[in-house]
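Single-letter residue listing:
Protein chains: 2
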Amino acid sequence: MDDKKYIKLIQSTNIAEYSNIKGMIILKPYGYKIWENIKKILNNLLIKNKYKNVYFPLLIPKNLLNIEYKFIKKIPKELAIVKYTKLKMSNKTKTLKIDKKSKLNTEYIIRPTSEVVIWDTFKKWIETYRDLPILINQWANVVRIEMRNKMLLRNSEFLWQEGHTAHNNKINAILEINKIKKIYKKLIKNYLSIPFINGYKTKTETFPGAKKTYTFETLTKIKGKSIQLATIHFLGNNFSRMFNVKFVNKDGKKKYVYGTSFGISTRLIGSLIMIHNDNNGLLLPPLIAPIQVIIIPIINKINKNKIYSYIKQIKKKISNKIKLKIDKNNNITPGQKFYKYDNMGIPIKILIGNFEFLNKQILIIRRDTFKKYKIKFKNNINGKLLKILNNIQKNIYKLAKKNMYNKIKYIKTYKDLKKNIQKKNGFFITNWSIKDNMKNEIKIKKKLKNSIRCIIKNKKKGKCILSGNNTNNLVVFGKSY
Amino acid sequence: MDDKKYIKLIQSTNIAEYSNIKGMIILKPYGYKIWENIKKILNNLLIKNKYKNVYFPLLIPKNLLNIEYKFIKKIPKELAIVKYTKLKMSNKTKTLKIDKKSKLNTEYIIRPTSEVVIWDTFKKWIETYRDLPILINQWANVVRIEMRNKMLLRNSEFLWQEGHTAHNNKINAILEINKIKKIYKKLIKNYLSIPFINGYKTKTETFPGAKKTYTFETLTKIKGKSIQLATIHFLGNNFSRMFNVKFVNKDGKKKYVYGTSFGISTRLIGSLIMIHNDNNGLLLPPLIAPIQVIIIPIINKINKNKIYSYIKQIKKKISNKIKLKIDKNNNITPGQKFYKYDNMGIPIKILIGNFEFLNKQILIIRRDTFKKYKIKFKNNINGKLLKILNNIQKNIYKLAKKNMYNKIKYIKTYKDLKKNIQKKNGFFITNWSIKDNMKNEIKIKKKLKNSIRCIIKNKKKGKCILSGNNTNNLVVFGKSY
Numbered sequence: 001m002d003d004k005k006y007i008k009l010i011q012s013t014n015i016a017e018y019s020n021i022k023g024m025i026i027l028k029p030y031g032y033k034i035w036e037n038i039k040k041i042l043n044n045l046l047i048k049n050k051y052k053n054v055y056f057p058l059l060i061p062k063n064l065l066n067i068e069y070k071f072i073k074k075i076p077k078e079l080a081i082v083k084y085t086k087l088k089m090s091n092k093t094k095t096l097k098i099d100k101k102s103k104l105n106t107e108y109i110i111r112p113t114s115e116v117v118i119w120d121t122f123k124k125w126i127e128t129y130r131d132l133p134i135l136i137n138q139w140a141n142v143v144r145i146e147m148r149n150k151m152l153l154r155n156s157e158f159l160w161q162e163g164h165t166a167h168n169n170k171i172n173a174i175l176e177i178n179k180i181k182k183i184y185k186k187l188i189k190n191y192l193s194i195p196f197i198n199g200y201k202t203k204t205e206t207f208p209g210a211k212k213t214y215t216f217e218t219l220t221k222i223k224g225k226s227i228q229l230a231t232i233h234f235l236g237n238n239f240s241r242m243f244n245v246k247f248v249n250k251d252g253k254k255k256y257v258y259g260t261s262f263g264i265s266t267r268l269i270g271s272l273i274m275i276h277n278d279n280n281g282l283l284l285p286p287l288i289a290p291i292q293v294i295i296i297p298i299i300n301k302i303n304k305n306k307i308y309s310y311i312k313q314i315k316k317k318i319s320n321k322i323k324l325k326i327d328k329n330n331n332i333t334p335g336q337k338f339y340k341y342d343n344m345g346i347p348i349k350i351l352i353g354n355f356e357f358l359n360k361q362i363l364i365i366r367r368d369t370f371k372k373y374k375i376k377f378k379n380n381i382n383g384k385l386l387k388i389l390n391n392i393q394k395n396i397y398k399l400a401k402k403n404m405y406n407k408i409k410y411i412k413t414y415k416d417l418k419k420n421i422q423k424k425n426g427f428f429i430t431n432w433s434i435k436d437n438m439k440n441e442i443k444i445k446k447k448l449k450n451s452i453r454c455i456i457k458n459k460k461k462g463k464c465i466l467s468g469n470n471t472n473n474l475v476v477f478g479k480s481y
Numbered sequence: 001m002d003d004k005k006y007i008k009l010i011q012s013t014n015i016a017e018y019s020n021i022k023g024m025i026i027l028k029p030y031g032y033k034i035w036e037n038i039k040k041i042l043n044n045l046l047i048k049n050k051y052k053n054v055y056f057p058l059l060i061p062k063n064l065l066n067i068e069y070k071f072i073k074k075i076p077k078e079l080a081i082v083k084y085t086k087l088k089m090s091n092k093t094k095t096l097k098i099d100k101k102s103k104l105n106t107e108y109i110i111r112p113t114s115e116v117v118i119w120d121t122f123k124k125w126i127e128t129y130r131d132l133p134i135l136i137n138q139w140a141n142v143v144r145i146e147m148r149n150k151m152l153l154r155n156s157e158f159l160w161q162e163g164h165t166a167h168n169n170k171i172n173a174i175l176e177i178n179k180i181k182k183i184y185k186k187l188i189k190n191y192l193s194i195p196f197i198n199g200y201k202t203k204t205e206t207f208p209g210a211k212k213t214y215t216f217e218t219l220t221k222i223k224g225k226s227i228q229l230a231t232i233h234f235l236g237n238n239f240s241r242m243f244n245v246k247f248v249n250k251d252g253k254k255k256y257v258y259g260t261s262f263g264i265s266t267r268l269i270g271s272l273i274m275i276h277n278d279n280n281g282l283l284l285p286p287l288i289a290p291i292q293v294i295i296i297p298i299i300n301k302i303n304k305n306k307i308y309s310y311i312k313q314i315k316k317k318i319s320n321k322i323k324l325k326i327d328k329n330n331n332i333t334p335g336q337k338f339y340k341y342d343n344m345g346i347p348i349k350i351l352i353g354n355f356e357f358l359n360k361q362i363l364i365i366r367r368d369t370f371k372k373y374k375i376k377f378k379n380n381i382n383g384k385l386l387k388i389l390n391n392i393q394k395n396i397y398k399l400a401k402k403n404m405y406n407k408i409k410y411i412k413t414y415k416d417l418k419k420n421i422q423k424k425n426g427f428f429i430t431n432w433s434i435k436d437n438m439k440n441e442i443k444i445k446k447k448l449k450n451s452i453r454c455i456i457k458n459k460k461k462g463k464c465i466l467s468g469n470n471t472n473n474l475v476v477f478g479k480s481y
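Protein chains in written order, with the working numbering: chain A, 1 to 481; chain B, 1 to 481.
If you are wondering where the hints come from, they were derived from the structure by calculation, not from laboratory data. All of these numbers come straight from a predicted model, not from anything done at the bench. A few of these clues could be false.
Copies of the same chain are indistinguishable here, so a pair counts whether it falls within one copy or spans any two.
Claimed, not checked - Think about it this way: if two alpha-carbon atoms lie no more than 27 Å apart in a straight line, the pair counts; the simulated BS3-like pairs of lysine-lysine are: (1) Lys48 - Lys225; (2) Lys182 - Lys70; (3) Lys398 - Lys371; (4) Lys376 - Lys387; (5) Lys439 - Lys39; (6) Lys83 - Lys70; (7) Lys124 - Lys8; (8) Lys372 - Lys212; (9) Lys328 - Lys312; (10) Lys460 - Lys323; (11) Lys384 - Lys123; (12) Lys181 - Lys306; (13) Lys48 - Lys4; (14) Lys77 - Lys22; (15) Lys73 - Lys94; (16) Lys312 - Lys52; (17) Lys412 - Lys100; (18) Lys86 - Lys101; (19) Lys77 - Lys88; (20) Lys418 - Lys40; (21) Lys337 - Lys317; (22) Lys457 - Lys325; (23) Lys457 - Lys48; (24) Lys100 - Lys328; (25) Lys460 - Lys83; (26) Lys316 - Lys372; (27) Lys181 - Lys376; (28) Lys83 - Lys100; (29) Lys103 - Lys449.
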């Protein structure tokens with residue numbers, strides 16, 4: 001899907017629109033409902049796994065970033081910095097301008113992510129091993145003033161969840177990471193029906209302050225560009241050292257705390273759009289679709305009441321667990337409704353017209369295959385709908401998986417890598433010695449216009465296609481958004 | 001409750017704590033859960049009334065505030081203004097400082113409220129009467145850099161919901177306001193068990209840009225200070241005029257749109273604490289309590305397994321709709337648990353010890369009255385718990401109502417007003433001519449150290465205690481937070 005088509009689809013489905021700040025968007029009801037559905041699913045998974053939701057401040061005092069900077073020697077880019085707190089009228093322009101007298105003693109930065117605030121607070125919360133582990137999560141907004149923007153995939157403000165955990169040792173931190181991997185896998189595969197490759201980032205792409213960043217990567221349907229769906233960071237005891245977060249262990253010794261953090265965002269909405277689409281618009285997996293079944297009446301002045309009455313009876317047979325909507329709007333034709341709801345990706349259309357009324361049946365049309373089903377009123381309509389929805393959920397995943405796998409190639413030589421990259425986008429998996437090629441990573445990235453999306457540990461050793469040395473690493477090259 | 005006690009209660013119950021930015025707090029799991037419960041209740045009421053949730057950007061471009069300023073001639077105070085987007089290392093101090101080269105072309109202001117962004121967008125969404133009404137709501141954070149702060153009651157950042165509506169005429173806007181009044185009344189009275197007085201604000205206290213601000217006011221339990229719980233604004237067509245938001249009506253004529261906005265925030269948590277408390281700590285209304293029933297085992301090394309097994313059976317008899325927790329922590333005594341959970345305001349304690357096990361019963365203790373109930377295991381434990389919870393919900397309201405009403409006085413003379421205000425805080429209701437006294441409102445406010453919390457329309461006319469003229473207005477004086 002080219003960029004224009006992608007934006008048009010978001011706008012025509014009323015998922016989102018541009019705001020009057022470059023890079024920031026408005027999530028409209030349909031789009032916000034998709035996010036709410038994702039939230040509900042993931043929140044339940046986290047709560048089941050003993051996470052507690054909290055809320056930390058939006059603003060970070062600069063001194064915390066100073067502390068972080070001293071340790072990791074990196075300055076976060078693209079920040080929104082607050083220095084003044086009052087506006088006044090300019091006598092010259094008769095408009096508002098900053099009142100310089102309202103200068104704050106120090107700068108406040110809108111959180112691009114919350115580790116520094118969290119770990120500065122963990123220092124107060126953690127005394128002994130009894131206070132561990134800590135498993136907290138927050139659903140919040142973050143701001144990263146991006147230069148390049150892409151609606152829903154790369155915005156200057158986005159909604160997300162950020163989980164933060166503290167443990168008494170490295171093993172428990174790693175075990176927690178494995179738990180989150182399972183949770184994210186379930187969310188992305190079973191609920192969003194999105195296939196992915198799972199690995200860890202190279203050093204240059206690792207979260208500043210983390211020891212390792214694990215990532216979930218996928219490919220868009222048409223252009224085969226790579227989207228980073230979710231990340232999990234093993235922080236080691238870096239942030240403990242930064243903020244002096246220690247605990248007294250069972251032997252009475254003071255030790256540094258080990259940490260993790262992880263997050264997914266509204267970028268998942270953009271991912272759904274980029275992956276589940278066809279010529280008719282979106283295809284939404286039923287488990288996160290705001291509307292799962294749309295009933296479209298086909299009426300005229302004579303039979304209107306009869307049909308509506310029949311629809312009422314059908315509605316009674318459908319469990320309220322199914323997200324159902326009936327479109328009684330008479331200002332657009334049934335045909336226009338078909339286009340509208342197909343475009344919105346609604347999994348099931350039910351048509352009810354004179355024919356259905358006379359034959360005491362309903363006509364079901366699947367969004368993914370457009371296969372039709374005639375179900376008699378007396379039969380188990382609800383059961384049939386659930387079965388089809390379940391089928392669609394699985395089929396959408398199958399289609400996406402097939403599409404991604406078609407774009408995955410195992411590469412044997414560096415020449416082949418260059419050739420394939422120029423031909424078509426995709427995932428190019430190859431033996432690659434991280435150690436040998438680390439210095440040139442950025443140069444290679446520029447040359448190939450592809451980056452290493454993640455590293456996968458290979459069981460066997462293979463020859464690095466660039467250095468020729470044996471390596472356990474397989475890397476996945478791709479062109480990112 | 002004096003200020004120290006109030007803060008101590010928030011901290012000892014782990015509802016919230018100070019952050020490292022003055023005026024901004026951290027909502028800890030228990031406090032955040034109370035907010036989530038309030039959210040769930042109000043969200044359901046709004047959705048039932050056809051509201052759609054959306055999400056607008058955090059940042060407002062200054063030009064929108066310029067437009068608003070031209071119209072209402074007021075500059076919002078206490079803003080967090082973003083002008084720069086990069087930090088760099090200072091060679092002098094070796095710490096981070098603003099990179100002046102990252103100056104934005106215009107200022108972005110963190111939303112103190114979203115009307116200007118919403119109405120600027122409504123312009124694009126509204127063409128004809130078919131596009132009305134619009135009923136949208138957003139759950140979000142806002143920032144108002146306050147000089148005076150009071151944990152949960154007045155913070156520089158808080159979480160809230162802001163509803164925004166657009167209508168084709170004044171009547172429909174007012175009808176919507178009446179709908180929201182009913183919704184807020186239900187939330188505040190039935191769920192939060194908080195009594196209130198409902199009226200509208202004086203001109204100086206009306207939301208800038210609104211024609212009228214309706215308010216829900218209550219009194220704290222001990223000091224009798226006034227808390228503004230919720231506000232609803234009738235905007236008339238002010239914001240339509242500001243942002244040129246018109247629609248073509250059924251007769252083909254272009255008309256200005258009429259609007260409303262309304263909000264409640266995490267201040268409600270502070271209100272709960274200020275109103276529902278006794279010498280043992282908080283008293284939480286069951287319908288918003290994160291934990292409704294806490295089971296406290298009273299065990300020793302010998303009977304431990306027996307008691308836990310018995311508790312397991314009891315748990316099976318309790319519906320999972322009741323928010324139940326079992327405290328098996330052996331590091332604190334049962335007595336310490338009583339204090340802890342009473343302090344946290346948990347509505348029901350169930351004690352299970354050897355005596356209960358041998359007599360095949362449970363011991364229930366109510367948080368509000370400390371009345372005890374012995375219920376046999378074979379009886380309907382679940383039904384009894386529901387009954388008691390329902391009773392507690394009502395009783396907490398009764399106690400709060402009695403307390404508020406004890407602090408309401410009808411005042412006949414200005415001398416009496418001054419006398420009563422000096423004696424004790426409360427609501428002082430009196431006949432008051434807004435028209436006559438408007439010019440002196442701020443002076444009177446300073447002198448009395450009380451402000452007009454709201455105006456209530458009186459059915460009969462009465463003599464204004466200051467000007468002596470007849471008036472339909474009753475006003476409510478109080479000392480605010």
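For this session: List in ascending order the numbers of the hints, as given earlier, that are violated by the structure.
Result: 1, 2, 5, 8, 10, 11, 12, 13, 17, 20, 22, 23, 24, 25, 27, 29
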